[in-house]
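First to last, the protein sequences are chains A and B.
Quick note on numbering: the first sequence equals residues 5 to 636 in the numbering used here.
Quick note on numbering: the second sequence equals residues 1255 to 1567 in the numbering used here.
In case anyone wonders, no lab produced these hints; they're calculated from the structure.
Mixed in with the good hints there might be a few duds.
Stated by the list, open to error - Partial chain B-side listing against chain A, Cβ under 10 Å, derived:
(1) Ala1263
(2) Val1267
(3) Ala1274
(4) Val1314
(5) Glu1318
(6) Ala1452
(7) Ala1467
For every residue, glycine included, the Cβ atom is placed at its ideal position computed from N, Cα and C.
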Amino acid sequence: MDLHLIPGAEPSAEERAAVDAAVGPPASAWETGERRPDAEGHVAFGGHALRARRHLLLPALWAVQSRVGFITPGALNYVCRRLDVAPADAYGVATFYAMLSVKPQPTTIVHVCDDLACRLAGAPALLDAMRGERGAESVRSSPCLGLCERAPAVLFQCAGEGAKDYVVAPAARTAADEPKPPPPPPPPISSGTRPIEGVGTSIAARLGQGSPSAPQTEDGRRETLRLLARVGRVDPESLDDYRAHGGYRALPKAIAMGPEAIVREAIASKLQGRGGAAFPAGRKWEAVARQPARPHYLVCNADESEPGTFKDRVLMEEDPFALVEAMTIVAFATGCEHGFVYVRGEYPLAEARVRAAIAGARKAGLLGPNVLGSGFAFDIEVRRGAGAYICGEETALFNSIEGYRGEPRNKPPFPVEKGLFGKPTVINNVETLVNVLLVVEMGGDAFAAIGTGASTGPKLFCVSGNVERPGVYEVPFGPTLREVIGLAGGVPGGRAVRAVLLGGAAGSFVGPGELDVPLTFEGTRAIGAALGSGVVMVFDDRADLRDAVRRIAAFFRDESCGQCVPCRVGTERQEELVARLDAGRPLRSTAEEDALLDEIARAMRDASICGLGQTASGAIQSAIRRLGVFSA
Amino acid sequence: MSTARRLDATRPVTLSIDGASVTVPAGSTILEACRSRGIDTPTLCFLENLAPVNVCRVCVVELEGARVLVPACSRPVEADMKIRTDSERVRLSRRMVLEFLASSVDLSLASDDVRRWMERYGADPSRYGPPAPPRAANERDNAGPGHHHAASAGAAANVVQPVKVDNDLYVRDYARCILCYKCVQACGVEAQNTFAIAIAGRGFDARVSTEFATPLPESACVYCGNCIGVCPTGALMFKSEHDLRGAGKWDESRQTVTDTICPYCGVGCTLELRVQDNAIVRVTSPLDHDVTSGHLCIKGRFGWQFVQNRPEE
């Protein structure tokens, strides 16, 4: 391929420096470096070796975005030369992500979450106020920022030298009340060992903006917590503190057990994936361990974007070493030498904490060419998403890491066979991985004894909306929906529950008559709902459910990748139909609209490539059918 | 080229399609198995000379034991699969895909097959309401990912927009684009390796675009026209054809097709010259041709003006 660049568009010095910091200095004149006549002669240094670095495309685009605030033609040219990617191709990738811009925009963009939980906390008014004060150019409405326990939430995306993104939650109603962030330290662009300022301050100060994310940790009932045992108690920046709180006990034990025994225990534990699909984790690990193709990759799916979900964020922010240790164990069990953590772009603090933990572990010999002197080599790289719910779909996530648009792949082949870079890949979400520490420490049978027969172990629920104390709650599988809501203090003011959204936008609504459903995989399945990612979002009798349904329809329309027809057009048609119902202007009759929605839903469920389209109607249909949201 | 899929005739695979036993070579797709039985399976994004991308989903079939329908065009056959190609689920999904496309895209220049399939599956694109007004030129090119105005309760969104005419050789009429990805494939790894176009944007705002939606003369386009050769809906069209259609003079009944060999270089590509009123109006190459696989270069595709430099008669 001859690279045809955008005519006359040159990168600025800042843009070059930012890209070089992300992808390394140019190695030859071929990719814009100094020409070394003696060494290079007539040799071309492009080709496969250069194109094999395409996976650096998203980090390079992020570097430009963070430095100058949008991706200029000159910067795109430079990125394309450095990675031998055609400009149209790179443009297609850049325009896929909501946090990247290819048009000039203010250097600070305020993303005001106007998704379900934040709507209940006054997000629309906040959005209007912010737009009034800062100008519509600077303020965007955002899908769920994963801060539902501190709604309403705002993400400041800042560009400039050393600028860092940060969140404010709960956000003040006006920009004038906005807390001034400390002067931003240099961004942790490369995975260096620099300390990150602002991390490691006292926990109380960090959580000073609101109530703690995991209220149980302050209850004095902490001894019952397993996954949250260290949350709020350990310094998330200190490896020593992590060790002092029981960290890095599982890894030596796992290495002594050997890979087969770890997988055996994981299968015995009956641990199921916590991301939504509930696939048996041990089976997945066994399948990858057996694959003859090399290398194997381990990917931690930390693209936690399901509206109402924030448990993985809390784990990463408050106990990041646990994730690193857990990934090391799973990598050891499945023969992976290289791991990735793909963190959603809206989680700057979680990303910084995980990066710092990886650096700390590497420095201590807990990652690297010879983990704990065992001869096992493993290291982890962090990749930052850029605003795309679909990248939580495992194969879309692979494409995103590889530097392509985050479009899901058709399955089969499944990731255990052909995953990241076409190689056998373990992919699990944060909560699933962290459970492996318990499996190793207590053994598979003891783990399986927690919970019910079919849903084993502890489970994190993200309780939000109209409850007294929203937050992440840990229970052994088994309690009912009513009990979990009770843990969060119930509905404020003793009001009645009108509806509960289980599993997020991809889940479904249940009504007040279904509060006694056990929150287990089998219990929710029995009433035609799903546990999903553990979302329990409560709507009281004053909540505007029509508004919530419209937001969900808009969400899927916004987040569809656009690849397959059923989802690309179906989510649009679904949103239009919901708008008609909400406006009380059905095309023919309400009954016909209901039948049409059913056909749209069935086509999306049956014919879409991935889970986004397949689940895009579940919550909406449940609201209409179970709750009668649009009747009367 | 990923189309180099290997069929292994020494390893026959037997499966069941609509209750009948079918045996095809290992490595065949369900679509090939269906076609070997003469089962008319609709396809839009599939083309024999490109790797299947299975995005249009109109070819879906029901596979016993699978939770969702599977795309026939890309799914390899496995022994003892039980396939249904005309079940209620299959018919519904095919109808909805056709309705979704016909209600959002101008399919008037798509093949007669599309009309036949729409009739067969009872597709009624009008039931999504009256179409929304056309978008301004470049409006869709500027749509940012993840942010759109809330849907209107009154009209069905669509991709209707003005034709892009920015060069003398071909036009891009994206009001007709169903996003089958074929032009992107042909421009990229499947044929030309130029990568002048890619899919940009997301969701309903996804579109085929050059970098920054720049006009073709400033882009990497080399005018091979292989994108036109694979376009199933007339979204990409010779300017000669576009102009004749605009003037109301395009008349396929008066056209002849002449096979010849390209005179420019030693490769010797087969050309099919479509001629109307003694003027060449479109040039193609057979998809199943050993040398071209249907693809040409700018010279074979467009470089025939000299043939027509005749003295005024």
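Each hint tested on the structure:
For B:Ala1263, the shortest C-beta to C-beta distance to chain A is roughly 23 Å, which exceeds 10 Å, and the interface hint is violated. For B:Val1267, the suggested interface contact is broken, since its CB lies about 16 Å from the closest CB of chain A, more than 10 Å. The interface hint given for B:Ala1274 is violated, since its Cβ lies 23 Å from the closest Cβ of chain A, which is over the 10 Å cut-off. A distance limit of 10 Å between C-beta atoms decides the matter here; for B:Val1314 the minimum to chain A is near 5 Å, and the interface restraint holds.
For B:Glu1318, the suggested interface contact is broken, since its CB lies about 14 Å from the closest CB of chain A, more than 10 Å. Given the 10 Å rule on beta carbons, the hint for B:Ala1452 holds: about 3 Å separates it from the nearest Cβ of chain A. Hint status for B:Ala1467 relative to chain A: holds, with the closest Cβ pair at about 9 Å, below 10 Å.
Going through the hint list in order, the structure does not satisfy hints 1, 2, 3, 5.
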